[in-house]
Amino acid sequence: MPRHLPTLQERRSPLASASTQLDRLHALALPRELDACLAEAGHHPLRAEGVKVLQLNLGKRCNQTCRHCHVDAGPDRTEVMAHEVVVRCLELLDRSAIATVDITGGAPELHPEFRWIVEQVHRRGRHVMDRCNLTILETRPYRDLPQFFADHDVEVVCSLPHYRGPSTDAQRGDGVFASSLRALRRLNEVGYGQGDPKRRLVLVSNPVGAFLPASQRSLEVEWKRELRRLHGIEFDALFCITNMPISRYLEWLESKGNLASYMDRLVTAFNPAAVEGVMCRTTLSVGWDGTLYDCDFNQMLELPITTHRRTIHDVDLDALAGRAIAVDRHCFGCTAGAGSSCGGATA
Amino acid sequence: MDKHDHYYHRDDLGRFGEIGNNVGPLAEKFFAWYGAVFTDGALSAREKSLIALAVAHAVQCPYCIDSYTRDALEKGSDLDQMTEAVHVAAAIRGGASLVHGVQMRNTTDKIGM
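Just so you know, the protein sequences line up as chains R and H, in that order. When you line the first sequence up against this note's numbering, it's residues 1 to 347, in that order. When you line the second sequence up against this note's numbering, it's residues 348 to 460, in that order.
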């Protein structure tokens, strides 16, 4: 069984507070400020370009407590998206052309209405992405989800830090790698990872430590070769994502004395070419309580959208189209190196 | 202890560019070539980084060990792979010493009885 680390909230850590996390980032002396970097990139203020992706964070409950989790998710968390919030999100789809619904958490599959939500979005002809931790598919109530995903053309976006075991278990918990491989094989068995656009299987790799992610273009070929050779597993694409210096990863950085050097690394690796494709420019992120955010990271830092109407109950899509994005120092995580978004590298 | 009491200083790695002082055109050629060497080619950037890490240990350069430990991680290698690379370097260093034992034996054969 994977071991469970207690969440920040369970330990009553000061870093469970979003404002404390921001204070810790603001206390650092950085070589450059984000505003100056964005101006250099010709994106100051950073603005949205419509809403192409509706990201639903269904709640913070998870069967894992990964050391780098930006949500501080875990088995003890109770936040869950209410039915009326889900209904408002579906109504927003009905009156918009938003093409993709990106479902995340926590482990979103733990939401009591998860299957109904997927069915409703699929029925509306929208593309569904499920951000899956893989191990949830190995627990008894959810073992049939691979077939359910296949029946509803769900793109499954799975976390796997490395194609070898030690790094994966170090970040995500003992036994997670073996469990993840079993889940991947079952996804392969129902047609995922074979190049079928309706059975798309994406792996997401986060660095296991205080360094930037690898080039996903370079690594994808190797990962496909090695996962096939070592484990007989196929997948369609690899996303390499930078760890955000917030929540449990922020705690880990501080505990190892790496926070200042990691932030320095992110700032000095600022890439103007990475700004254009950051996810916040085309995403509307809905929190479990219906509050609207530019991205899941802003959601966890409690930095809502900058427009007047900030909940799914009174959302104004026209006002959202060119809104100024709420930015802070954590945003250096998405603009460093090859860039980082929910779709991997941006540059 | 004054930092200048040491031959190696961590901060000096960031001053690598100063080797171009007085010989700018030569340094430009070196850094351009250096950068090109490590891009994806017949070998992947990750494989080249592992080679660099192994060579760093063979030449025992602390700057290079720091740099290519980080670089190998950032290129997607894990600790098992990096440790194997260091053992390759050590094996070649050890083997290089041992294979000279044949020269020792040749000399012994010649002058010994």
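It should be emphasised that the hints constitute simulated quantities derived from the structure, not laboratory data. Warning: the hint list may mix true and false statements.
In the EDC-like style, the derived pairs of lysine to aspartate or glutamate whose C-alpha atoms are separated by at most 20 Å in a straight line are [unchecked claim]:
#, chain 1, residue 1, chain 2, residue 2
1, R, Lys224, H, Asp358
2, H, Lys395, R, Asp314
3, H, Lys395, H, Asp359
Non-contacting residues of chain R with respect to chain H, defined by C-beta distances greater than 10 Å in every case (computed) [unchecked claim]:
#, residue
4, Thr20
5, Asp35
6, Glu40
7, Arg88
8, Thr100
9, His162
10, Ser167
11, Asn188
12, Gly191
13, Val202
14, Leu219
15, Ala326
Nothing here was measured: the structure is a model prediction, and the numbers come from that model. Each residue gets a CB set at the ideal place from its N, CA and C atoms; glycine is no exception.
Against the structure, the hints:
Of the supplied pair hints, the one linking R/Lys224 and H/Asp358 is violated, its CA atoms being roughly 39 Å apart against a limit of 20 Å. The hinted pair formed by H/Lys395 and R/Asp314 fails the criterion: a straight-line CA distance of about 54 Å is larger than 20 Å. Only pairs whose Cα atoms come within 20 Å are accepted, and H/Lys395 paired with H/Asp359 is rejected, the gap being roughly 24 Å. No Cβ of chain H comes within 10 Å of the Cβ of R/Thr20; the nearest lies about 29 Å off, and the non-interface call holds.
With a cut of 10 Å on Cβ distances, R/Asp35 stays outside the contact zone with chain H, its closest approach being about 25 Å. A cut-off of 10 Å between C-beta atoms confirms that R/Glu40 is not in contact with chain H; the least separation is 21 Å. Distance check on R/Arg88: its Cβ is at least 41 Å (rounded) from any Cβ of chain H, clearing the 10 Å threshold; non-interface status holds. Even its closest Cβ contact with chain H, about 28 Å, leaves R/Thr100 beyond 10 Å, as expected for a residue assigned away from the interface.
For R/His162, the non-interface assignment is contradicted: its Cβ lies about 6 Å from the closest Cβ of chain H, within the 10 Å cut-off. Distance check on R/Ser167: its Cβ comes as close as 5 Å (rounded) to a Cβ of chain H, failing to clear the 10 Å threshold; non-interface status is violated. Every C-beta of chain H lies more than 10 Å from that of R/Asn188, the closest at about 22 Å, which supports listing it as non-interface. At roughly 28 Å, the least C-beta separation between R/Gly191 and chain H is larger than 10 Å, which holds for a residue marked as non-interface.
Here R/Val202 stays apart from chain H, with its beta-carbon at least about 16 Å from theirs, past the 10 Å limit. With a least CB separation of 5 Å from chain H, R/Leu219 falls inside the 10 Å interface cut-off, contrary to its annotation. In this structure R/Ala326 is separated from chain H by more than 10 Å, as the shortest Cβ-Cβ distance comes to about 29 Å.
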